[in-house]
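Student: In case you want the letters, here they are:
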Amino acid sequence: AQSVSQHNHHVILSEAASLELGCNYSYGGTVNLFWYVQYPGQHLQLLLKYFSGDPLVKGIKGFEAEFIKSKFSFNLRKPSVQWSDTAEYFCAVGDSWGKLQFGAGTQVVVTP
Amino acid sequence: GAGVSQSPRYKVAKRGQDVALRCDPISGHVSLFWYQQALGQGPEFLTYFQNEAQLDKSGLPSDRFFAERPEGSVSTLKIQRTQQEDSAVYLCASSLAQLAGGGAYEQYFGPGTRLTVT
Numbered sequence: 164a165q166s167v168s169q170h171n172h173h174v175i176l177s178e179a180a181s182l183e184l185g186c187n188y189s190y191g192g193t194v195n196l197f198w199y200v201q202y203p204g205q206h207l208q209l210l211l212k213y214f215s216g217d218p219l220v221k222g223i224k225g226f227e228a229e230f231i232k233s234k235f236s237f238n239l240r241k242p243s244v245q246w247s248d249t250a251e252y253f254c255a256v257g258d259s260w261g262k263l264q265f266g267a268g269t270q271v272v273v274t275p
Numbered sequence: 015g016a017g018v019s020q021s022p023r024y025k026v027a028k029r030g031q032d033v034a035l036r037c038d039p040i041s042g043h044v045s046l047f048w049y050q051q052a053l054g055q056g057p058e059f060l061t062y063f064q065n066e067a068q069l070d071k072s073g074l075p076s077d078r079f080f081a082e083r084p085e086g087s088v089s090t091l092k093i094q095r096t097q098q099e100d101s102a103v104y105l106c107a108s109s110l111a112q113l114a115g116g117g118a119y120e121q122y123f124g125p126g127t128r129l130t131v132t
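So the sequences go chain by chain: V and B. Numbers given in our numbering equal positions in the first sequence, counted from 1, plus 163. Numbers given in our numbering equal positions in the second sequence, counted from 1, plus 14.
Treat the hints with care, as some may be off.
Going by beta-carbon spacing under 10 Å, a handful of chain B positions derived as facing chain V [claimed, not checked]:
#: 1; residue: 18
#: 2; residue: 22
#: 3; residue: 62
#: 4; residue: 65
#: 5; residue: 70
#: 6; residue: 74
#: 7; residue: 123
If you're looking for bench data, these hints aren't it; they were derived computationally from the structure. Where is the CB? At the ideal position from N, CA and C, for every residue including glycine.
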């Protein structure tokens with residue numbers, strides 16, 4: 164069975180610090196990988212996705228993620244966070260039909 | 015533009031009551047997904063429709079849970095004889111995906127219905 168593991172449940176950092184959130188998955192087939200974000204009081208929305216090709220993908224708001232097949236990882240990064248990046252971040256693996264399996268989420272708090 | 019809408023946004027039910035949760039997907043979106051999100055957890059898949067056909071209901075936790083999408087647009091998730099463990103946020107998502115291999119399509123999520131069973 165596929166699973167998704169996010170390493171940190173809570174992260175607190177200051178503005179301008181760099182952010183990296185870990186995500187590992189186990190899945191036997193071709194993977195579609197996603198990072199979703201939920202800002203306070205808002206819907207889940209897509210940050211970025213990987214299906215094939217360049218393993219370094221860029222998303223909205225300056226986020227990027229790197230797919231490392233050998234490590235079954237898809238870590239999210241941002242070089243310099245802003246207060247507005249305070250949110251909960253979810254890594255997800257999708258099957259070919261679109262069914263998503265999510266990690267438990269990481270709550271990120273950026274302090275001014 | 016109009017996104018995915020869900021109603022009610024909040025529902026309090028007494029244990030044993032039946033509830034119905036509604037999802038209005040984005041117009042033209044073929045695929046519709048329901049997820050359950052318990053407190054402090056990520057969303058968990060419940061069921062999936064392509065148009066009116068329910069192609070996967072493997073995530074429904076018991077036979078008290080039932081979902082339908084009779085005309086291929088609006089969907090209803092019904093929970094019979096609610097239990098305290100049913101308390102969660104129920105999320106609906108829709109996408110343009112029409113075929114196997116449609117996993118590449120982005121899912122657009124609604125705001126969710128927060129169900130509390132007392």
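Student: All hints, please: hold or fail.
Tutor: So, going through the hints one by one against the coordinates:
1. 18: holds (8 Å)
2. 22: violated (16 Å)
3. 62: Residue 62 (chain B) check passes; min Cβ-Cβ to chain V is 6 Å, inside 10 Å.
4. 65: violated (13 Å)
5. 70: Because about 6 Å separates residue 70 (chain B) from the closest Cβ in chain V, which is inside the 10 Å limit, the hint holds.
6. 74: This hint is violated: residue 74 (chain B) lies away from chain V, its Cβ roughly 13 Å from the closest one there, beyond 10 Å.
7. 123: holds (4 Å)
Consistency note: the structure conflicts with the earlier hints numbered 2, 4, 6.
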